[in-house]
Every structure is written in structure tokens, then in C-alpha cells.
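Participant: These protein sequence lines map, in sequence, to chains R and U.
The first sequence begins at 1 in the numbering used here and counts up by one.
The second sequence begins at 1 in the numbering used here and counts up by one.
Take these hints with a grain of salt, some might be off.
In this list, chains with the same sequence are indistinguishable; a pair is considered to hold if it fits within one copy or across any two.
Only pairs whose alpha carbons sit at most 16 angstroms apart, straight line, appear in this in silico EDC-like list of lysine to aspartate or glutamate [what the hints assert, rightly or not]:
1) Lys155 <-> Asp36
2) Lys180 <-> Asp291
3) Lys271 <-> Glu331
4) Lys107 <-> Asp129
5) Lys155 <-> Asp280
6) Lys97 <-> Asp246
7) Lys266 <-> Glu331
8) Lys275 <-> Glu11
9) Lys97 <-> Glu83
10) Lys107 <-> Glu125
11) Lys92 <-> Glu263
12) Lys155 <-> Glu29
13) Lys185 <-> Asp280
14) Lys266 <-> Glu32
15) Lys245 <-> Asp28
16) Lys290 <-> Glu120
Calculated from the structure, these hints are not laboratory results.
Keep in mind the model is a prediction, meaning the values are calculated, not measured.
2 protein chains.
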Amino acid sequence: MINFNESQIIENAHYIYQQRSKIEAIADEICERGFDLLFFTSSGGSMSMLSPFDFWLNYTSNLPTAAMLSADLLITGCNRLTENSVVFMTSKSGDTKETMDAAQYVKNKGAFIVSAVGVENSPLEAVSDATILYAAGRPQELIFYLLIGKILYNKGFFPAYPDFAHNMKNLGAALADVRKQADEKCRQYAASYHQEPYNIWIGSGDLWPMAYSYSMCVLEESQWIPTKSVSSPEFFHGTLELLEKDVCVTLLLTEGPTRTMDERVKRFAQKHTTKLTCFDARDYQLPGIKDEYRSLLSPVVMAAVLQRISKNIEVITSHSLDIRRYYRKGEY
Amino acid sequence: MINFNESQIIENAHYIYQQRSKIEAIADEICERGFDLLFFTSSGGSMSMLSPFDFWLNYTSNLPTAAMLSADLLITGCNRLTENSVVFMTSKSGDTKETMDAAQYVKNKGAFIVSAVGVENSPLEAVSDATILYAAGRPQELIFYLLIGKILYNKGFFPAYPDFAHNMKNLGAALADVRKQADEKCRQYAASYHQEPYNIWIGSGDLWPMAYSYSMCVLEESQWIPTKSVSSPEFFHGTLELLEKDVCVTLLLTEGPTRTMDERVKRFAQKHTTKLTCFDARDYQLPGIKDEYRSLLSPVVMAAVLQRISKNIEVITSHSLDIRRYYRKGEY
């Protein structure tokens with residue numbers, strides 16, 4: 001299995017999990033202060049990592065929540081954001097310009113900023129009211145499973161949280177195992193489809209951000225492969241007409257509440273193209289994690305699965321994931 | 001100028017404008033009842049028509065507003081929606097299944113439903129608390145310019161509304177004129193690019209929904225032309241890497257607040273592809289409408305411009321806009 005460092009993956013998760021009491025203390029502080037909005041803002045792939053937590057809050061509670069791209073926030077604002085709001089942000093480098101500008105904007109509003117950052121002593125940490133550090137690579141999501149989970153628990157919407165959080169101790173090892181379970185299928189997928197001229201990516205609910213960001217931030221950005229992403233319900237409002245037997249379609253199926261929408265796409269697409277690939281969160285075992293929590297974990301399971309496409313495709317195409325034509329090269 | 005019926009376009013707008021006092025009375029009733037949320041829900045192209053009004057409310061007022069696809073609403077709900085909310089919906093036929101299910105859902109919540117419908121005595125009208133009818137075709141947006149404009153006026157956020165609404169009397173004629181101004185460029189665009197294997201569509205703010213829906217609901221659905229749509233700020237988080245000299249890029253520039261984001265894309269794209277087309281809302285005269293209102297009107301101006309691509313492309317490709325492989329043909 002190429003490009004795979006199991007101990008590193010487990011160690012990254014452990015690095016976050018050992019901060020559990022610190023993360024829970026931040027959640028407690030947020031609840032004690034009170035808030036009028038839980039607001040998620042970031043850009044590109046980072047925003048897609050955060051979006052499922054906005055989805056989770058809306059679906060399981062009446063807590064006020066919203067999400068918005070930092071670029072849009074900077075120009076149009078969000079009219080719900082006040083000095084009593086809590087803003088969640090993330091940046092690996094801790095100095096992404098758009099994210100920093102947005103952090104300064106919400107700081108000026110007087111909001112309470114909680115950030116997840118990949119390196120110590122970054123500019124983002126400097127303007128944040130609370131910061132949680134993570135080591136390189138995923139699963140940064142673990143920070144938000146603990147943080148948002150504890151807020152939901154404190155507010156009475158997630159009584160199982162203590163047991164859930166205890167299960168999260170095994171998340172790193174489970175996701176390393178998912179990578180092993182997924183590798184062969186992902187290697188074949190990469191080998192079969194890396195030269196396709198057009199790739200339709202579909203997902204819904206808590207996996208729609210993943211369909212959107214994996215196709216754009218990995219296939220387009222790092223492999224220069226053209227894609228289209230569309231959510232499962234919206235697929236039926238236009239993109240369905242493109243399907244013919246040789247059109248490449250990749251569908252992500254969630255174990256979350258919107259699964260029926262993905263299954264509808266599957267039934268339709270398998271009738272109209274021979275190049276349909278389904279990556280189904282349900283297909284992967286999660287050793288050490290109770291089944292009752294699986295419906296929350298599709299985003300992090302799918303991130304692990306799709307990483308095996310990335311790790312294989314760069315070898316197959318002899319095109320390193322790190323090559324860029326333009327991104328962060330000069331001004332634009 | 002092919003496929004163009006000027007008097008019909010003007011008549012469609014007049015049909016809506018003559019209902020101005022009825023529309024304003026609905027706005028007044030909404031304000032008198034009070035509300036905790038102004039909520040927009042629909043699907044596909046109809047949702048894209050509504051989204052700029054959610055954008056407008058957020059940008060210019062502190063009124064509580066939200067938008068959500070009907071399919072998502074039906075499964076996950078919206079935790080801000082209560083019996084004190086106002087829900088705006090639209091459907092040309094008035095019987096779209098997803099929209100009707102969503103209407104029933106919000107009706108059960110006890111919300112106040114305002115619908116815009118293309119035919120009389122539809123199922124959607126039957127469950128709505130107030131309905132405004134429009135004739136076939138655009139500009140249905142005119143209903144919402146008057147309705148949302150009057151709500152903003154009543155709440156103190158749009159003092160110029162009476163004059164704005166007076167200007168709207170000329171909207172139909174102005175948009176017919178826009179079509180004449182745009183036709184030759186659109187005809188050439190259709191002739192040049194209808195066989196492109198991949199078409200990147202970009203827009204931002206109040207024109208992002210148009211970039212999204214025109215590429216999906218017209219080019220994909222009715223011409224079977226593969227597209228990718230991405231918002232102007234998000235373009236720089238991945239899709240930019242696809243640009244080479246022969247990659248077809250279509251950029252919509254708004255006169256709204258996010259214009260700087262579109263201009264950034266323009267500066268970048270014109271350096272890296274020879275197949276960049278910019279449709280700029282600023283390029284079209286609007287006879288009978290004051291310049292100070294132009295910044296609100298990009299969605300309806302661009303709808304008129306892009307319709308000239310549609311009307312020309314179906315002749316050039318000998319592929320009627322009405323042909324479908326699958327859409328509304330049998331169950332799926």
C-alpha cells in the first residue's frame with residue numbers, strides 16, 4: 001500500500017484527542033457566556049471540512065447556526081453576526097489571507113473566535129479567543145466532533161456525548177483501517193478514470209461539501225482533472241441529462257439523514273452509465289467505534305477513503321499532488 | 001433576431017406590474033403580522049431565481065432571512081423555521097412535487113406561505129396564504145423586487161422604494177432592449193463554443209445563482225453541454241489550476257457589491273486562456289430605469305442576456321431547448 005503511514009495517522013488523531021479536556025472546557029465557556037449564533041467561516045476545502053458541523057447543529061438542535069465563505073462575509077457581511085456570536089475558523093498555516101481578513105472582521109464585530117490551526121503561534125491564533133492545535137493532516141474534524149458535540153450535550157441535544165467522545169479515542173486507528181479497506185478499490189478507480197475528460201461528482205447533506213471540495217481541491221487543483229460537482233437533489237434538476245453510457249460519475253453515499261437522496265441518484269445513474277462508481281460510507285468497518293455513532297461520521301470516513309484515491313493517483317499519473325501552475329504562485 | 005417576441009416580453013412584465021398594489025398589500029400584511037424569518041425555498045432554477053432576494057435582505061438590512069433547497073428542507077428541516085415565519089416559494093406549473101411537499105411541510109409548521117405561480121388554480125396556490133400569478137416566462141423576479149422591496153421599505157431599509165417601484169414599470173421594455181443589445185455577442189458566443197467539451201461558468205454574490213443555474217438548467221439540461229460552475233472567490237481555491245489557453249471560461253460580472261471578486265477572476269483568466277467570455281451587467285443600457293437602481297438589477301439583466309444564448313444556440317445546434325432524455329420522463 002503506497003504512500004501510507006499508519007502510525008502517523010494514529011498519532012495525528014491522538015495529538016487532538018489528548019486535548020479533549022481543553023476542547024471541552026472551550027465548549028463549556030461558550031455555553032456559560034451564552035451566544036446568539038454559532039458561525040462557521042473559512043474558504044475552499046477548509047470551509048467544506050467545517051460545513052458538516054453546521055449541518056449537524058441544524059439537524060439535531062434548535063441552536064442558532066450559520067456558515068458562510070470568508071470572501072462573501074468580508075464583502076456582504078452576515079446580518080445575524082453580533083458581539084454575542086461565536087465564530088469557528090480553521091487554517092492549516094494559520095496565516096491564509098482571506099481567513100485572516102475574516103478573523104479581523106469578526107473580531108471587530110466583537111465576536112468570540114475559536115480557531116483550529118496546524119502550527120503554533122500563528123497570526124490566526126493571535127486574534128483568536130481560543131485555539132486548538134492539530135498536527136499535519138487529518139482528522140482536524142475530531143476537534144469539531146468534540147467541540148460541537150460538547151456544546152450539543154451541554155444544551156441537552158446529545159445526551160450520549162460522553163460515550164461518543166470516549167469512542168472518539170479510537171477514531172485515528174479506525175480511519176487508518178478504513179484506508180486499508182478502501183485502498184484497492186481506490187487504486188483501481190484512479191487507474192481506470194484518471195484520463196476521463198469530464199467527471200461528475202455527487203453527494204448530499206453532510207457529504208455534499210466533500211463531493212464539492214474533493215473534486216475541486218484535489219482533482220482539479222492538484223491533478224488538473226476537469227470535474228463537475230452537484231448535490232444529489234440538484235442532480236435531478238439538470239445534470240441528469242448529461243448521462244450516457246460512457247460518462248464518468250462518482251457518487252458518495254452518506255450514512256447521515258440524506259442517504260435516501262443518494263440512493264435515488266444511484267438507482268438512476270446505474271441505469272444510464274457503465275462508469276458509475278459509488279463510495280458508500282456504510283461499506284467501511286470502524287473498529288472500536290459503536291454503530292450508533294456511524295451516522296455522524298460519514299465526512300471523516302469519506303475523507304479517509306478518498307485520500308486513497310489521491311495517494312494512488314499521483315503515482316499513476318506521475319503528477320505529484322504538490323505541483324501547481326498558479327496557486328499561491330505570485331499575485332492574482 | 002431569431003426567437004424574439006418583444007411585445008410578449010413587455011406584456012409579461014406588465015402583467016406582473018399591474019398587480020403592484022396587490023403585491024404591496026401582501027408585503028404590508030407580512031409586516032403587520034410580524035415575522036421571525038423570511039425564508040426562501042424551491043429547487044433548481046427556481047431556487048436560483050429566489051436566492052438573490054435572500055442576498056439582498058442580508059446585505060441591506062438586519063431582517064432575519066434564510067434560503068434552503070426544498071429537498072434538503074424536507075429531510076433535515078431548518079431549525080429557524082416556526083409558525084411565525086414567512087416562506088416564499090415559486091413554481092411555474094404550481095405542482096412540482098418537491099415544491100409541493102415542501103409547501104405542505106412549512107404549512108404544517110404553521111408558517112405564512114407566499115407563492116409566485118405561472119398558472120391559475122394550482123395545488124401550490126391552494127396551500128398558500130397569498131399567491132401572485134405571472135404569465136409564461138420571465139421576469140418573475142419583478143414580483144420579488146416589489147414584494148421584498150416593499151418589506152424593506154416598511155422596515156426602514158429602502159426609503160427610495162416608491163421611486164424604485166415606479167421605475168419597475170419600465171422593466172419589461174428595458175429587458176427587451178437588453179436582449180437586442182446582447183443578441184449579436186450571444187449569437188457569436190453560441191456559434192463559437194457550442195462544441196466545447198468543458199465549460200467553466202463563474203459568478204459571485206447575486207449572480208452566483210445565475211452562473212450555477214444557467215450552466216446546469218440550460219446548457220446541461222437542454223443542450224447536453226458539460227459544464228462546471230464555481231463562484232468567483234472559490235475559483236481561486238482549486239478550479240484556477242485547470243486554466244490553459246484553450247479552456248473555455250464564461251464569467252458573469254455583477255453590478256452588485258461583489259463585483260470586485262469578478263474583476264479579480266477576469267484579470268486572472270484573461271492571462272491564461274484565449275477562450276474567456278465576459279458578460280458584464282454594466283455593459284447594458286436600461287432605458288427608463290435610473291442608474292442608482294442598477295446595482296439591484298444584475299440578476300434580471302443577466303437573465304435577459306443569457307436568454308439570447310439559449311435562443312440562438314438551439315438554432316445553431318439544431319437541438320431544441322425542449323428535448324429531454326430523462327427529465328420528467330417516467331419515474332426516477
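Participant: Between Lys245 and Asp28, at a C-alpha cutoff of 16 angstroms, which is it: within one copy, between copies, both, or neither?
Facilitator: Result: close neither inside a copy nor across copies, 54 angstroms intra and 54 angstroms inter.
Participant: Taking 16 angstroms as the upper bound on the Cα-Cα distance, should Lys290 and Glu120 be classified as within, between, both, or neither?
Facilitator: The answer is neither: 34 angstroms in one copy and 53 angstroms across copies each exceed 16 angstroms.
Participant: When no copy is specified for Lys97 and Glu83, does a C-alpha distance of 16 angstroms or less occur within a copy, between copies, both, or neither?
Facilitator: Close neither inside one copy (23 angstroms) nor across copies (42 angstroms); limit 16 angstroms.
Participant: Can you give me the call for Lys155 and Asp36, within, between, both or neither, at a CA distance of at most 16 angstroms?
Facilitator: Close inside one copy (13 angstroms), not across copies (22 angstroms); limit 16 angstroms.
Participant: Should Lys155 paired with Glu29 be assigned to within, between, both, or neither, using CA atoms and 16 angstroms as the limit?
Facilitator: within (13 angstroms within a copy, 36 angstroms between copies)
Participant: At most 16 angstroms between alpha carbons: which applies to Lys275 and Glu11, within, between, both or neither?
Facilitator: neither (37 angstroms within a copy, 47 angstroms between copies)
Participant: How would you label the pair Lys266, Glu331 (within, between, both, or neither) given a Cα cut-off of 16 angstroms?
Facilitator: between (42 angstroms within a copy, 14 angstroms between copies)
Participant: Under a CA distance limit of 16 angstroms, which applies to Lys92 and Glu263: within one copy, between copies, both, or neither?
Facilitator: neither (34 angstroms within a copy, 28 angstroms between copies)
Participant: Quick one: Lys107 to Glu125, C-alpha cut-off 16 angstroms, is that within a copy, between copies, both, or neither?
Facilitator: within (12 angstroms within a copy, 46 angstroms between copies)
Participant: Which holds for Lys180 with Asp291 at a C-alpha limit of 16 angstroms: within a copy, between copies, both or neither?
Facilitator: neither (19 angstroms within a copy, 61 angstroms between copies)
Participant: Since the copies are identical, ignore which copy is meant and state whether Lys155 and Asp280 lie within 16 angstroms (CA to CA) inside a copy, between copies, both or neither.
Facilitator: This pair counts as neither: shortest intra-copy Cα distance 32 angstroms, inter-copy 48 angstroms.
Participant: Using 16 angstroms as the alpha-carbon threshold, which applies to Lys107 and Asp129: within, between, both, or neither?
Facilitator: Answer is within: at 9 angstroms inside a copy they meet the 16 angstroms cutoff, but 42 angstroms across does not.
The earlier numbered hints that this structure contradicts are 2, 5, 6, 8, 9, 11, 14, 15, 16.
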